[in-house]
Each structure stands twice: as C-alpha cells, then as structure tokens.
Amino acid sequence: MAAAFSPATTQSAQVAVRGVSMTFDEVEAVRDVNLDVGRGELVALVGPSGCGKSTLLAAIAGLLQPDAGEIWLDGVLAPNRLGRVALMPQRDALLPWRSVLDNVVLGLEVAGVDKREARERARTLLPRFGLAGFGDHYPSALSGGMRQRAAFQRTVLAERDVLLLDEPFGALDALTRRSMQEWLLDLWDELGRSILLVTHDVEEALLLADRVVVMTARPGRIKLVEPVHLPRPRTPAMVSDPAFVAQKAALLVTLHDEVSLVGSAS
Amino acid sequence: MTGLTRRRVLQESERECPQTPSRRRPERAVVLGLLVPLLALLLGLLAWEVLVRLRDTPSWFIPKPTEVARELVESRALIWGHTWTTLQEMLLGLLLAFVLGVLLAVAIASSRLVERAIYPALVASQAVPIIALAPILLIWFGYGMTPKVIVVVLTCFFPIVVSMVDGLRASDADALALLRSMGASRWQIMRIVRVPAALPALFSGTRIAAAWSVIGALVGEWVGASSGLGYLMTRSASQFQTPRLYAAVFVAAALGITLFALVALAERVALPWRRAERRGG
Chain X
25 MAAAFSPATT QSAQVAVRGV SMTFDEVEAV RDVNLDVGRG ELVALVGPSG
75 CGKSTLLAAI AGLLQPDAGE IWLDGVLAPN RLGRVALMPQ RDALLPWRSV
125 LDNVVLGLEV AGVDKREARE RARTLLPRFG LAGFGDHYPS ALSGGMRQRA
175 AFQRTVLAER DVLLLDEPFG ALDALTRRSM QEWLLDLWDE LGRSILLVTH
225 DVEEALLLAD RVVVMTARPG RIKLVEPVHL PRPRTPAMVS DPAFVAQKAA
275 LLVTLHDEVS LVGSAS
Chain L
18 MTGLTRRRVL QESERECPQT PSRRRPERAV VLGLLVPLLA LLLGLLAWEV
68 LVRLRDTPSW FIPKPTEVAR ELVESRALIW GHTWTTLQEM LLGLLLAFVL
118 GVLLAVAIAS SRLVERAIYP ALVASQAVPI IALAPILLIW FGYGMTPKVI
168 VVVLTCFFPI VVSMVDGLRA SDADALALLR SMGASRWQIM RIVRVPAALP
218 ALFSGTRIAA AWSVIGALVG EWVGASSGLG YLMTRSASQF QTPRLYAAVF
268 VAAALGITLF ALVALAERVA LPWRRAERRG G
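Chains as they are written, first to last, in the working numbering: chain X, 25 to 290; chain L, 18 to 298.
Derived from the structure by calculation, the hints contain no laboratory data.
Predicted model, so just to flag it, every value in this text is computed and none were measured.
Hints may contain errors.
Partner residues are not named here, just some residues of chain X that face chain L (Cβ under 8 Å, in silico) [stated by the list, open to error]: (1) G86; (2) L87; (3) P113; (4) R115; (5) L119; (6) L130; (7) G131; (8) V134; (9) S164; (10) M262; (11) P266; (12) A273; (13) A274.
A virtual CB, placed ideally from N, CA and C, is assigned to each residue, including glycine.
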C-alpha cells in the first residue's frame, strides 16, 4: 500500500494523508490511513458507521491531531490546518440567531473580510444555492434541504481549495436527497474545488465522486480505492447505467462484509 | 422533519380557507392571558372588601381595598417621593449587577483558573444572608443610597452570573467546531457563537434579578434609611397607618412586576429569532 504513495503524489495532491493513526481513550479509531485528494477531484469516503470517517475529516480540518502520521495540504506538510480547509459538519450548524445571509458569510467574517462586502458577495450567490429571497430569513424558517444548501453555501464561501463534507445529505429524506445530489452535480463545474465527501450511501458516492474510498470497520483502515468509470457531466439517470449498477453491487458486497463484521464484533 | 411537513400542511390548509380558527387565536390568547387574571384579581379584592365590611374589622388591623386606594390617591406626592428613591436604588443596582454579572460570567466561562478561583466563592456568598450584611454596609457607607444599591447588587448579580455561565457553556458543539475549523480566535468564537447563544439564558436570569431587585432595595432601607418605600413601610407600621403601609406594599409589588415585564419586553425586542423559532416549531 505504502509503495503507491511516492513523494511525487504527496506533493502534487491537494490533500495527502500519510500513515495516520488515531486513538481515543484506548479505543483505536483509525489505523495507518493513506488517502489522496487530487486537485479538483471529488473523493467519496464510505464505510460502516463508527469507522472513523468523521474523525479523519476532523483531523484533516485540524480539529484533531493524529497520534501518528502526517497530513499534507497543497504539497506541503501541514501541522497547523485550522482555517485552511472548509468543513461542512454533519448537522448544518447554522446559527439560529443569524439570518441566512449572515450565516453564509461566516467564513469571510472570521477571515476579516468587511461585513458589508461579504454580504454583497453572498447575496448575488443566493439564487445559485436555491436560496433566492431567503437571505433575510432565520434558519428556522427553512426546510431541511434549504438548510443544507445554506450550510453548503457557507462552506463554499469560505473560499478554500478543499471542501470537507461530512454526510451533507445524510439527514434528508430520499426525495430531497436526490434533488440535492442533482443540484450538486449541476454546480460541480463551477466549483472547481477539491472535495472529500463522507457518506454511507454507496449510490451517492458513485454518482458524485471520481474515486470511492472504502474504509473498514473500527479501527478504520483503507480497504479499497475504486475509480468511478462514469463520464462527466453526470446525471442522476446514470444510476441505471449497467456499469454503475455492477460497480454499486460490488461495492455493496465489500461494504456488507464490514457491516457484518461490526455486527459480530459487538 | 415531521414538524416541517405538519407546518406545510397547515400553511396549505390556511391558503385554502383563510378564515381558519388559527386566525382568531391571538384574540383568545389576550382574553386568557390578560382578562382572566384581571377578573380573578378583581374578584379577590371584592371578597376582601365585603369580608372586612361584614366583620367590621378595624382599619389599623386590616384596611379595606378602597381605603388603600384612597390612600394611594391622597398621599400620592408623599408615596411618589419614596417610590422614586427605591426605584433609583433598584435600577442602579440592577444595572451594576448586570454589568458585573456578565463580566464575571465571561471570565468564568473563558478560563478554568478563574472558574476555580471565583465560582465557589460566588456560591458561598449566597449562603450569607444579605439581611445580615446590610447593617455592616450601613456602618461602612452610612444612611445614603450607596449601601442600598450594594444590597441590590448582591441580591441581583447571582442569578445573572449563574444563568450566563450556563448559557455560555451550552453552545452547540458543532458550531464551536465549525468556527474553530475556520481558524477563528477564542475571542471571535466568544463574540460570534458563545455570547449570542447565551443571551436567552442571560435574559432569564435578568428577569429573576429584576423581580428580586425590589426585595434588595426594601431590605437595604429597612435596616436604616431616611427615604424609600421600605422606610415608608416601617414608619407607617410603627404609627399604625396601616392603609399607607398597604399602599407602599402595593407600589413595591408594582415596581417589581413592571421591571420584570420590561426585561421580558427587552428580550422580545433583542431576540427576534426566538419568536421566529417558536413559530417555526
């Protein structure tokens, strides 16, 4: 495994995780994880729940420090990563006392951008995120899908090269979820960012990602890295493509092994 | 999600028939929230009046409500003078307690060291009965307004500190992590997430403090004063001017209730998002 990661790929990747292991209170969360996100690439991370996917994201974001291993950003070893990547937490974490507009400019505000200028920049983008006319509403007035889109706009507006999305559509119902995936595919070309997406939905991973990375049950290790053989631009109709169906079936079998492992272990 | 769908269904049904009962609900709330307690109060006063009249109780023992009302009108200049003193003590004390309480709470919530050093002392300070402290303050600061204001501060700052500390600690962990991931400083996190998130709790504590501020002022005046409602009460009682004593009690209660209501009103104005949230469900 380690042989696949030459110094060259470490330096050319947007995000390079090298031999990262993490333990909390004697529970091993992730073990010897190697992972790359190339420039402009969307990598989906799937695995059974509790396998350390979110822990890994938190480590890349700089919220946690690995016990062993290194994390590289933009080709440089990055021991301090806070403020360098844009994280979208599992729950939307919108501040209920701020209007939608004031929520989405949060990253710019923290970075010291003038508030009025930040608001203007955000307001012109609201329609693109399906939030036209809702800028002055409080988050409580929004539907679940709109809240997620607001959280996503906040992540994009932080203006970082790397977006870390922690199950962005996990809490949504199936219909909303599908329309959100469609919308994200539609937005994909304009974004031009490197994205690491955590999901437990294999179909979502295959539809959105350039590569799917499967993690094992705890302690989380990289089990499999699968390139997705679908052309871009992608459409939701591709889920019935025979190649898609075959790849999904194979991934589900791999994942099922891990889930049943969790079941027998506990 | 179920709450959302329910709301959508509600909105749709409203669109279909605009004259749904929900439109009349605000008026019913006014009836229940204002008219009913007022009616109950009037009934109570009426029963009091009738009982005192029937049993021919002497006025120095239990005055009739009408006598108290007459006293309120006839001695209004005198009562207002004392009320003004008490009101000043309450407002000044509450304001100081608010500033002190918020500063202490921020210090406690941002540093473990400060918390360890101050919090136990704060709790212990509440075990000392303020009525026992008042004479000491009198010796130190004399008969003027200062010792009364200090008693009000001592009465009021505790609920403010405790509720604010709780509020500062109750911030959403995801929001804190998000801000940290953005590279926010401790001060930015305090300003952007923790303080706004603590405001509802701070207002709850301040409401309690507002209601208690009267008690603080009265206790301060009972120990030794030359003006104020507490002074008027002790003087009226010693002279068996019971209707005047009752009038002073009435005004003191009204002050406490009014201040409580003003803080509640300030909360509504300052935190419009909470109402939006309740409407959103």
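Discussion item. The hint names X:L130 as touching chain L; please verify it with the least Cβ-Cβ distance against 8 Å.
Written reply: Status holds, d = 7 Å.
Item to complete: Tell me if X:G131 is really an interface residue toward chain L, meaning its C-beta lies closer than 8 Å to one of theirs.
Response: 5 Å, holds
Fill in: Interface restraint verdict for X:L119 against chain L (beta-carbon cut-off 8 Å)
OK, holds: X:L119 within 8 Å of chain L, min 6 Å.
Discussion item. Let's test the interface hint: is any C-beta of chain L closer than 8 Å to that of X:L87?
Written reply: Holds, because the Cβ-Cβ distance from X:L87 to chain L comes to roughly 6 Å (cut-off 8 Å).
Fill in: Interface hint outcome for X:S164 [beta carbon to chain L under 8 Å]
4 Å, holds
Practice prompt. Grab the minimum C-beta distance from X:A274 to chain L and call the hint holds if it beats 8 Å, violated otherwise.
Written response: 32 Å, violated
Worksheet item: Is the interface hint for X:P113 satisfied, with its Cβ closer than 8 Å to some Cβ of chain L?
Response: Since chain L brings a Cβ to about 5 Å from X:P113, closer than 8 Å, the hint holds.
Fill in: Satisfaction of the X:M262 interface hint, Cβ to chain L closer than 8 Å
Cβ of X:M262 sits 28 Å from chain L, so the hint is violated.
Worksheet entry | Hint check, X:G86 versus chain L [nearest Cβ-Cβ separation less than 8 Å] | It holds, given that the least Cβ distance between X:G86 and chain L is near 7 Å, below 8 Å.
Worksheet entry | Interface hint status, X:V134 versus chain L (Cβ within 8 Å) | Because about 4 Å separates X:V134 from the closest Cβ in chain L, which is inside the 8 Å limit, the hint holds.
Item to complete: Closer than 8 Å between Cβ atoms is the bar; does X:A273 clear it against chain L? Give me holds or violated.
Response: At 30 Å from the nearest chain L Cβ, X:A273 fails the 8 Å test, so the hint is violated.
Discussion item. The hint names X:P266 as touching chain L; please verify it with the least Cβ-Cβ distance against 8 Å.
Written reply: 34 Å, violated
The structure fails to meet hints 10, 11, 12 and 13 from the earlier list, while all remaining hints are met.
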